[in-house]
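Single-letter residue listing:
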Amino acid sequence: MSALDQLLGGFIVALSWKNLGLCLLGCVWGTAVGVLPGLGPMAGMALLLPVTFSLDPSGGVIMLAGIFYGAMYGGSTTSILLRIPGEAASIVTCIDGYEMARKGRAGAALSIAALGSFVGGTLSIVGLMLFAPYLADMMLSVGPAAEAVMMAVALLIVTAVSTSAPRKTFAMICLGLLIGTVGLDSITADQRFMFNNMALADGLSFVALAIGLFGLSELLLSASDKALERPAVPRMRDLIPSASEARQAIGPTLRGSGIGFVFGVIPGVSHIVSTFVSYAVEKQISKHPEEFGKGAVAGLAGPETANNATTGSAMIPLLILGIPAIPSTAILLSALQNHGVQPGPLLLTQNPEVFWGLIASMYIGNIILVALNLPLVGIFVRLLQTPMYYLTPIVLFICFVGVYSVNGSGFDLAVLVAAGAVGYLLRKFDFDVAPALLALVLGDRMEAGFRRALTISKGDYAIFWHGPAVKIIWLLLLIAVIARFIAVRKGKAALLQN
Amino acid sequence: MSRGLSLPKKTGEAAIGFLLALAGLWWAWMSRAFLSGGAPGEVSSGVFPMAIGLLLAGGGMVCGVGALMEARAQASPEEPVEFQAEALTTLFATVIFGLVFTLMSPVLAGAGFLAFSLNRFGGKRLPRACVIGFAISLLLYLIFDKAIGVQLPQELLFTLFRE
Numbered sequence: 001m002s003a004l005d006q007l008l009g010g011f012i013v014a015l016s017w018k019n020l021g022l023c024l025l026g027c028v029w030g031t032a033v034g035v036l037p038g039l040g041p042m043a044g045m046a047l048l049l050p051v052t053f054s055l056d057p058s059g060g061v062i063m064l065a066g067i068f069y070g071a072m073y074g075g076s077t078t079s080i081l082l083r084i085p086g087e088a089a090s091i092v093t094c095i096d097g098y099e100m101a102r103k104g105r106a107g108a109a110l111s112i113a114a115l116g117s118f119v120g121g122t123l124s125i126v127g128l129m130l131f132a133p134y135l136a137d138m139m140l141s142v143g144p145a146a147e148a149v150m151m152a153v154a155l156l157i158v159t160a161v162s163t164s165a166p167r168k169t170f171a172m173i174c175l176g177l178l179i180g181t182v183g184l185d186s187i188t189a190d191q192r193f194m195f196n197n198m199a200l201a202d203g204l205s206f207v208a209l210a211i212g213l214f215g216l217s218e219l220l221l222s223a224s225d226k227a228l229e230r231p232a233v234p235r236m237r238d239l240i241p242s243a244s245e246a247r248q249a250i251g252p253t254l255r256g257s258g259i260g261f262v263f264g265v266i267p268g269v270s271h272i273v274s275t276f277v278s279y280a281v282e283k284q285i286s287k288h289p290e291e292f293g294k295g296a297v298a299g300l301a302g303p304e305t306a307n308n309a310t311t312g313s314a315m316i317p318l319l320i321l322g323i324p325a326i327p328s329t330a331i332l333l334s335a336l337q338n339h340g341v342q343p344g345p346l347l348l349t350q351n352p353e354v355f356w357g358l359i360a361s362m363y364i365g366n367i368i369l370v371a372l373n374l375p376l377v378g379i380f381v382r383l384l385q386t387p388m389y390y391l392t393p394i395v396l397f398i399c400f401v402g403v404y405s406v407n408g409s410g411f412d413l414a415v416l417v418a419a420g421a422v423g424y425l426l427r428k429f430d431f432d433v434a435p436a437l438l439a440l441v442l443g444d445r446m447e448a449g450f451r452r453a454l455t456i457s458k459g460d461y462a463i464f465w466h467g468p469a470v471k472i473i474w475l476l477l478l479i480a481v482i483a484r485f486i487a488v489r490k491g492k493a494a495l496l497q498n
Numbered sequence: 001m002s003r004g005l006s007l008p009k010k011t012g013e014a015a016i017g018f019l020l021a022l023a024g025l026w027w028a029w030m031s032r033a034f035l036s037g038g039a040p041g042e043v044s045s046g047v048f049p050m051a052i053g054l055l056l057a058g059g060g061m062v063c064g065v066g067a068l069m070e071a072r073a074q075a076s077p078e079e080p081v082e083f084q085a086e087a088l089t090t091l092f093a094t095v096i097f098g099l100v101f102t103l104m105s106p107v108l109a110g111a112g113f114l115a116f117s118l119n120r121f122g123g124k125r126l127p128r129a130c131v132i133g134f135a136i137s138l139l140l141y142l143i144f145d146k147a148i149g150v151q152l153p154q155e156l157l158f159t160l161f162r163e
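These protein sequence lines are chains V and B, in that order. Just so you know, we're using our numbering here: the first sequence kicks off at 1 and counts up by one. Just so you know, we're using our numbering here: the second sequence kicks off at 1 and counts up by one.
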């Protein structure tokens, strides 16, 4: 069957009433959490993760993906209207987006951001569709040593390019891997670190840890926040950009799509870094670099497109290698694994309906978001006025319901509260907890690959640096670190000038 | 709202680093029990956790020592990290919420937490806060329990009504 036939099959899955509804729900919820400062895609996805357990794998992953790219869309709204980034990847949007709004072009800025996000999101899905099958074929020949090295390299890249200090990220990754060793050993059935508590047989609940570290800790961090003033919302007729603004946006939108796509594949904070790089590139090649920081259309269109282009390409390492490139995709991985679906090279042959259904739903979701976001911008902005004394208890109730619904276990609720308190403390001291969650998800497979490889090599550790596949992976680490180092420096330099 | 707690930033970072290092060492020590297991030729189940424990110990030490060195190099006094009273109160209320949610009644837990939050942080009068809290909590319970069919702890209120 050709890719086109399979994509058509995917559209049949995605266009069922149920999946269409789940996609819509994901997009609306994602936009809402993207708009609310603090609650980003990660917390939004973690909160609804337990709901996916009662759905089929396609439906669950379609809804979570909708939250993921919906939050990317939603984050731009508050950046443009209030200069408050709804999520980290929208920081760059604040610079020129807000300046455009101050000049009375808020409507045009929102439209350019939404259409750029649509183009970036759609082109990256096309890239995902084209590259994924070839990469899957290549991956089928990879052995356990290369698999273990690949996981380790992914985590090392996260350490090298993290936004917090590398030493803190490294410690968080080790903490995540360490927590992942709790429970029955998958090979020898040894009861590791269980302290005679059978509730720990499957390890600490991923859902409880994810919701605690992101949802509950976020509530504690924002407990003293006040509701924001409602900004002036542009009228429908103000949403249409002028011909000159549209012309200025075309080039940056296409370049942003390419930059976002390339960066999305690299593990780490790619969606954030891609926006900085796009901004730097646009400023570098602009004929009027002095306009940047004063409401330049290119300074808004490029980064906003790059931000959304990462959502499609971030699915490549997740779906084909089984490696979540960014923390949000770790939640998707967990949802798939809970349904017994293991992302990796065999996903395309063993669960084509999940893979192609997700791709098709992303096309549909991008259209839903453009159709929803622009006319309903006033409603989403009104969410900002919800006082924390209402929001905190309601979100807390949802957190508890979500965690309890998975196993019906009070112990998981204790894990949730403990993870929330620890997450709050760590985040207060700038320890990024996202790498810990990535490591927790990858730990099992990394250990299994490590042990299988050492069994094959009869204990010879040289297996981890001999062989062409392993060498290529180590080389990729080197290239990625150097490239990202240069890119981040250039991006930050351009921003500092503003 | 009243003031919460505050800690010097680098001192706090160092404390967390050393705690992580201790946790790593403890983990590596505990892993010794699993080093001898497994079939001949297989890698035992203690090797990986021991390696990770030692790496965490190293990483934690680097964090702790690094933070202390940065604190010493700073000319000005350390920047404090504030733990707002609202956050600490919310954390304490969350623990009580969790106990009531699991052992007694999700509706009462939600109603109590909402009433507390509306009264303490929102300045609403207690009777009004209780009514609003109960209404929202009941609505949430009905949505999750009846409409979505999510598994929830036994609801004391409904049991009482049935009896």
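Derived from the structure by calculation, the hints contain no laboratory data. Accuracy of the hints is not assured; some may be wrong.
[To be verified] Derived DMTMM-like pairs: lysine to aspartate or glutamate, alpha-carbon spacing no greater than 20 Å straight-line:
no.	chain 1	residue 1	chain 2	residue 2
1	B	Lys9	B	Glu78
2	V	Lys428	B	Glu42
3	V	Lys103	V	Glu353
4	V	Lys294	V	Glu353
5	V	Lys103	V	Glu245
6	B	Lys9	B	Glu82
7	V	Lys287	V	Glu353
8	B	Lys9	V	Glu290
9	B	Lys146	B	Glu78
10	V	Lys287	V	Asp137
11	V	Lys471	B	Glu70
12	V	Lys18	V	Glu353
13	V	Lys103	V	Asp238
14	V	Lys458	B	Glu82
15	B	Lys146	B	Glu79
16	B	Lys9	V	Glu291
17	V	Lys287	V	Asp238
18	V	Lys471	V	Asp137
19	V	Lys103	B	Glu70
20	V	Lys428	B	Glu70
21	V	Lys471	V	Asp460
Given the structure is predicted, the values throughout are model-derived calculations rather than measurements.
Hint by hint, here is what the structure shows:
A distance of roughly 6 Å separates the Cα atoms of B:Lys9 and B:Glu78; the hinted pair therefore holds under the 20 Å criterion. A hinted pair counts as satisfied when its Cα atoms are at most 20 Å apart, and V:Lys428 with B:Glu42 does not qualify at roughly 43 Å. Distance restraint check for V:Lys103 and V:Glu353: the Cα-Cα separation of roughly 48 Å exceeds the 20 Å cut-off, and the hinted pair is therefore not satisfied. Using a Cα cut-off of 20 Å, the hinted pair V:Lys294 and V:Glu353 is violated, with the two alpha carbons roughly 47 Å apart.
For the proposed pair V:Lys103 and V:Glu245, the alpha carbon gap of about 13 Å is at most 20 Å, so the pair holds. Proximity of B:Lys9 to B:Glu82 is assessed by CA-CA distance (about 9 Å); at most 20 Å being required, the pair is judged to hold. For the proposed pair V:Lys287 and V:Glu353, the alpha carbon gap of about 47 Å is over 20 Å, so the pair is violated. Using a Cα cut-off of 20 Å, the hinted pair B:Lys9 and V:Glu290 is violated, with the two alpha carbons roughly 38 Å apart.
With a C-alpha separation of about 53 Å, the suggested pair B:Lys146 and B:Glu78 falls outside the 20 Å cut-off, and the hint is violated. Distance hint between V:Lys287 and V:Asp137 is unfulfilled; the C-alpha atoms sit about 44 Å from each other, more than 20 Å. Between V:Lys471 and B:Glu70 the alpha-carbon distance is near 37 Å, which puts this suggested pair outside the 20 Å criterion. Restraint check for V:Lys18 and V:Glu353: satisfied, since their Cα atoms lie roughly 15 Å apart, inside the 20 Å limit.
Our distance criterion of 20 Å between C-alpha atoms is met by V:Lys103 and V:Asp238, whose separation comes to about 13 Å. A threshold of 20 Å between alpha carbons decides the hint, and for V:Lys458 with B:Glu82 the separation of about 53 Å lies outside it, so the pair is violated. The hinted pair formed by B:Lys146 and B:Glu79 fails the criterion: a straight-line CA distance of about 50 Å is larger than 20 Å. Simply put, B:Lys9 and V:Glu291 have alpha-carbon atoms about 38 Å apart, too far for the 20 Å limit, and the pair is violated.
Among the hinted pairs, V:Lys287 with V:Asp238 is inconsistent with the structure: their alpha-carbon atoms are about 27 Å apart, more than 20 Å. For the hint linking V:Lys471 to V:Asp137, the alpha-carbon distance of about 19 Å falls within 20 Å, and the restraint holds. As the CA atoms of V:Lys103 and B:Glu70 are separated by approximately 43 Å, the hinted pair breaks the 20 Å bound. At most 20 Å may separate the alpha-carbon atoms for a hinted pair to count; V:Lys428 and B:Glu70 meet this at roughly 17 Å.
The hinted pair formed by V:Lys471 and V:Asp460 meets the criterion: a straight-line CA distance of about 16 Å does not exceed 20 Å.
The earlier numbered hints that this structure contradicts are 2, 3, 4, 7, 8, 9, 10, 11, 14, 15, 16, 17 and 19.
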